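Those protein sequences? They're chains A and B, same order as listed. With my numbering applied, the first sequence covers 1 to 345. With my numbering applied, the second sequence covers 1 to 287.
In short, the hints are calculated from the structure, not lab data. This structure is a prediction, so every number in the text was calculated from the model and none was measured. Any given hint could turn out to be false.
Stated by the list, open to error - 30 Å max Cα-Cα, derived BS3-like pairs, lysine-lysine:
no.	chain 1	residue 1	chain 2	residue 2
1	A	LYS131	A	LYS176
2	A	LYS166	A	LYS115
3	A	LYS115	B	LYS283
4	B	LYS75	A	LYS74
5	A	LYS135	B	LYS182
6	A	LYS126	B	LYS89
7	B	LYS75	A	LYS208
8	B	LYS75	A	LYS131
9	A	LYS278	A	LYS238
10	B	LYS75	A	LYS126
11	B	LYS6	A	LYS74
12	A	LYS131	B	LYS252
13	A	LYS180	A	LYS106
14	A	LYS206	A	LYS5
15	B	LYS283	A	LYS106
16	B	LYS75	A	LYS166
17	B	LYS6	A	LYS126
18	B	LYS75	A	LYS206
19	A	LYS208	B	LYS6
20	B	LYS34	A	LYS74
21	A	LYS278	A	LYS233
22	A	LYS180	A	LYS5
23	B	LYS75	A	LYS176
24	A	LYS206	B	LYS283
25	A	LYS131	B	LYS34
26	B	LYS89	A	LYS115
27	A	LYS26	A	LYS208
28	A	LYS238	A	LYS206
29	A	LYS126	A	LYS176
30	B	LYS89	B	LYS6
31	A	LYS74	B	LYS89
32	A	LYS26	A	LYS115
33	A	LYS206	A	LYS26
34	B	LYS89	A	LYS106
35	A	LYS135	B	LYS75
36	B	LYS6	A	LYS131
As the list claims (entries may be wrong) - Distance windows between CB atoms, simulated:
no.	chain 1	residue 1	chain 2	residue 2	range
37	B	ALA110	A	GLU57	52 to 58 Å
38	A	ASP199	B	LEU199	47 to 53 Å
39	A	SER110	B	SER88	27 to 33 Å
Just so you know, even glycine gets a beta-carbon here, dropped at the ideal spot from N, CA and C.
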Amino acid sequence: MIEVKGLVKRYDENLAVDDITFTVEKGKIYGFLGPNGAGKTTTMNIITGCLGATAGEVLINGHDIFEEPIEAKKNIGYLPEQPPVYLDMTPAEYLEFVGELKGLNKAQRSEQIAKVMDETQIADVKNRLIKHLSKGYRQRVGLAQALLGEPEVLVLDEPTVGLDPKQIIEIRDLIKSLGKQHTIILSSHILSEVSAICDYILIISKGKLVAADTPEGLSSWIKGSSSLSVTVKGTEEKISEALKGIPEILSMKLEPAQEEQAFLLTLETDEHVDIREKVSLALPGAGCPILGMTRTTMSLEEIFLALTGDEKTEKKDGENGGRDEEEDGGDDSGEEGEDEEEEDA
Amino acid sequence: MNAIYKRELRSFFTNVLGCFLIALMLFVFGLFLKMFNINNAYTNFEYVLSYSTFVLLILIPLLTMRTFSEERRQKTDQLLYSAPVPMSKVVLGKYFALLTIFAIPLAVAAFYPIILSFFGKVYFLTTYTSFIGYFLLGATLTSIGLFVSTLTENMIISALISFVAMFMGYWATNLSSLISDKPSAALYLCSALVLVLVLVMRSMTGNWTLALSVGIGLEFVVLIIYLIFSQWLSGVTLAFLDWLALFAPFSKMVNGVFDLTVIVYYLTIIALFLFLSVQSMEKRRWS
Numbered sequence: 001m002i003e004v005k006g007l008v009k010r011y012d013e014n015l016a017v018d019d020i021t022f023t024v025e026k027g028k029i030y031g032f033l034g035p036n037g038a039g040k041t042t043t044m045n046i047i048t049g050c051l052g053a054t055a056g057e058v059l060i061n062g063h064d065i066f067e068e069p070i071e072a073k074k075n076i077g078y079l080p081e082q083p084p085v086y087l088d089m090t091p092a093e094y095l096e097f098v099g100e101l102k103g104l105n106k107a108q109r110s111e112q113i114a115k116v117m118d119e120t121q122i123a124d125v126k127n128r129l130i131k132h133l134s135k136g137y138r139q140r141v142g143l144a145q146a147l148l149g150e151p152e153v154l155v156l157d158e159p160t161v162g163l164d165p166k167q168i169i170e171i172r173d174l175i176k177s178l179g180k181q182h183t184i185i186l187s188s189h190i191l192s193e194v195s196a197i198c199d200y201i202l203i204i205s206k207g208k209l210v211a212a213d214t215p216e217g218l219s220s221w222i223k224g225s226s227s228l229s230v231t232v233k234g235t236e237e238k239i240s241e242a243l244k245g246i247p248e249i250l251s252m253k254l255e256p257a258q259e260e261q262a263f264l265l266t267l268e269t270d271e272h273v274d275i276r277e278k279v280s281l282a283l284p285g286a287g288c289p290i291l292g293m294t295r296t297t298m299s300l301e302e303i304f305l306a307l308t309g310d311e312k313t314e315k316k317d318g319e320n321g322g323r324d325e326e327e328d329g330g331d332d333s334g335e336e337g338e339d340e341e342e343e344d345a
Numbered sequence: 001m002n003a004i005y006k007r008e009l010r011s012f013f014t015n016v017l018g019c020f021l022i023a024l025m026l027f028v029f030g031l032f033l034k035m036f037n038i039n040n041a042y043t044n045f046e047y048v049l050s051y052s053t054f055v056l057l058i059l060i061p062l063l064t065m066r067t068f069s070e071e072r073r074q075k076t077d078q079l080l081y082s083a084p085v086p087m088s089k090v091v092l093g094k095y096f097a098l099l100t101i102f103a104i105p106l107a108v109a110a111f112y113p114i115i116l117s118f119f120g121k122v123y124f125l126t127t128y129t130s131f132i133g134y135f136l137l138g139a140t141l142t143s144i145g146l147f148v149s150t151l152t153e154n155m156i157i158s159a160l161i162s163f164v165a166m167f168m169g170y171w172a173t174n175l176s177s178l179i180s181d182k183p184s185a186a187l188y189l190c191s192a193l194v195l196v197l198v199l200v201m202r203s204m205t206g207n208w209t210l211a212l213s214v215g216i217g218l219e220f221v222v223l224i225i226y227l228i229f230s231q232w233l234s235g236v237t238l239a240f241l242d243w244l245a246l247f248a249p250f251s252k253m254v255n256g257v258f259d260l261t262v263i264v265y266y267l268t269i270i271a272l273f274l275f276l277s278v279q280s281m282e283k284r285r286w287s
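Chain B with its partners taken away, still in its complex shape (with noise of 0.2 Å):
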């Protein structure tokens, strides 16, 4: 895993993308302090990290594009494969590398509340607990990133769907005021998601018939709720947003509220994808 991690890290410096993105982090953050703190005096550099997530849009799948996918294209994943290293490892020691470069910035801008702090009063904690919420977002989208790269041999194509996928977690907030909540609703989302896990089973089995057959007969199930029980509908919506909503968690600490269920948000969703990269690196291995 050491090995891997050391490969990673290094490679980030070998070319120019690993120290693109941590001055284009360390920009976002200067310029952000320049119009919060300095213009208009406000000494909360939490404002800062808050303004700023929409660069994590931008920034993570740039950084994981590359991951699993330059492995593949280049032909070094059969190194991989059959050197005596559980693909556990491989992922984790991959997915610590790119936190270590994420967390460069992060570290840098960490100093900036205390530089903060000599012209008027910072608030630590809310300032801290921010950071720790904003690292958690960012290695929450590492993690989808990472997986991402796992699917295709393309970076570009990995980046782009990294994109869409993150896209849509910070939209989903804003989503949430624009779609009613009705039954139908749900049912078109429920439609959407059953057509998804179609597609997904296809792609991991190679199998239309079984797939096809699982989607009719939830399908179905959707629909027979919906003309019998469409009450248990309602609220579905909304629920699948909030769940969505990828860094609503994270504003909830820049309010200065330390809430456990984050943390605990945040740390699930890693482990799930974390899972996923591994089990789609094992799979190929068995297709």
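For reference, chain A alone in the conformation it holds in the complex (with noise of 0.2 Å):
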């Protein structure tokens, strides 16, 4: 389907896109993920020929995206991040002209045009201008702009990026349902999106490409530990001397927790390995009651964040529990974001 050989893009000094390899196969979703600035964009961009290469090659269907960019262009629906629509036209209008321009005749045009409007539910506002419309029927319109002359592979560069959380729902279902009839490329920094939607990740950091599996395979990549919080309540050295007798902890760590006399413990263990049930029997042996208990293994943002990670998250590698790193993770997506807009401008 499609197939990305040795991709490379520099701008100057920095590379945008490292030496990236992968193969795309027939009816499948497939994620981009990375932070912000990692080359997802130009990635895409490079697939879809707005862009060129400083190196590599890329085969739509066997076509040569650079050698016949027409034949190649005609295998693929783009969205980029911003839809590219025109903000005095009607989405009727719009999806005529877009129609027009992918070569469709006039009666492929009215069937399509109707097919496209009714997948994406635009209908009803198909005769307002665009630049009143609210950004997710934007967004909407030009994904019915990308889904025209029926492309069978959709690219779509952060589908979901500044709509409300109903309209990402929408958007999500609305992809997932494509995703029947087209393969889908789309990329996100959300990870939690990507697990949702696609059958397959790929993650890319600093233009490189980290990681390729899919969302439950991924956690082989890395090694890691799993770890168990217990709250509870009792002194530091009843604690510790009930744990004395489970061999598999280990490291433990107690900070007094919220509650009056309570401890917040945190228990490693290697991976896959439970000692709930010991834990439970152990504790309140010893005089101290369990008012809590969770069990952390490596979620995916942990290893995305262990994957694409820089100094702040490569110290942690199995040595903290889980909940730090979320929170790291939040702050990186925020500084992140403004990094881009100065990159696009």
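Assemble the dimeric complex from its two separately framed chains, guided by the hints.
Structure (structure tokens):
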């Protein structure tokens, strides 16, 4: 379907895309995941023929995007991050224009436009000027545009960015249903989105492809440990005494919890070792009632941060529990959001 | 190409600009018709065309300023880049749409000589030759404005640069009488051209070292010619100004000379700037 080989894009000194190679198979939803500025948009722009590459090859259904751009582009529908809509047109006029641009004849146009309007549910606004439509509707018009010409591949760059939660859910459902007939490549910096929609995840960091696997398979890319958080009542001596009998515990940490006389206990074990039963018997046996217990395994978030990590996240690799990192993740995306805007300008 | 043409044409009529430009042109024609033909009782409409060329300096930049600048600003150029259409067709589609807008007031004005013929003798051949010349002149300026609009996403800057470029073409004829044709003038001119070339090369290749070394090399050649074969340089300034004087060939046609070289001159410039527009758009894809 799509073959990308040794793709490199260099801007003066910066390598925006650094030797990326992957293959996209028919009928699956692929997710490009990476922090902002990692090279997702650049890669997608190259695949769709909007941008030239410094080196490398992109084959769409056997057509080289640089050598036979016209043939290759017929197989692709592209929705850039900002939907490429003309504000002074209505969706109906706009789709008519794009249909003609993609070389559809009159009969094909009227049939396909009705179909894509139905799929993206924009029929009720088709005669309003696009400048009066909300961001969610503009996104749908952009998506409808990408669907015209019945391309086998849809490339969607950050399809849910800037939408409200309800619109996000609607667009996600739409993408999922489109995934039944099309091969879809979408990009996102939101992990939960990619893991919810995609069959296959490609993680990009600083222009490099760092991991490519199914959401379930990704955890095997890094070795980790699992940890158990227990809120327990009692004294420090009693608790440590009670846990001495459990050999699987690699390390333990005891912090005062919010409740009085209670402690937050974090226990580290090897991966896939479950000590919940032992702990739940040992602690009350020593007179320390358990108030709560949670088991944390390596989440996709942690995998993502470990793979795309900078110093902040690298030091963790199995030393701390999960919660801190999740907070770090939140900060990261905020900071880097600004970076990308600068880059775009 | 058809799709681009229709969309571009429509966009002129969904905002006021298209109607305004057509009205402006018709107003100027009407005003001059009153001044020359009615007040002075001449039947020669070609004088109206000839005197109203300065309006093109305002009209064409306004016509072309948003062509590609607006696409880039709204990020709709992504659609054009990812569509299965070669960039040359996109440029041509847009160019023909601009020409259509420009041709509308001319088509209306084409009836004026017929009306004038009721009141006296009209030299139709000269008049309509002038119309062809006027259209070619406008088409040439439009191709220049189109190219300028591929260079920036700001339509005000686009209009200003187009205006300056066209003003040079307008003024070059008058300028040649003010400027001496000594070899030293040619030296300054060539140096200025080398400087422009260096800047263009820098912006095209992004490489200062290359641009500067080529510039210094060329300047060296110019200096040697000036010092040793200075007689070669006399006449260069005037020849350059002649070449730059876009409006001058049109006045030939107004005087009733149907000169094929004039048509070739305009068509060559149009082809050159359309080619440059395609290259400029393609270059953005590759940088």
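Hint check, failures only: As far as the earlier hints go, 3, 5, 12, 15, 19, 20, 25 and 28 are violated by this structure, in ascending order.
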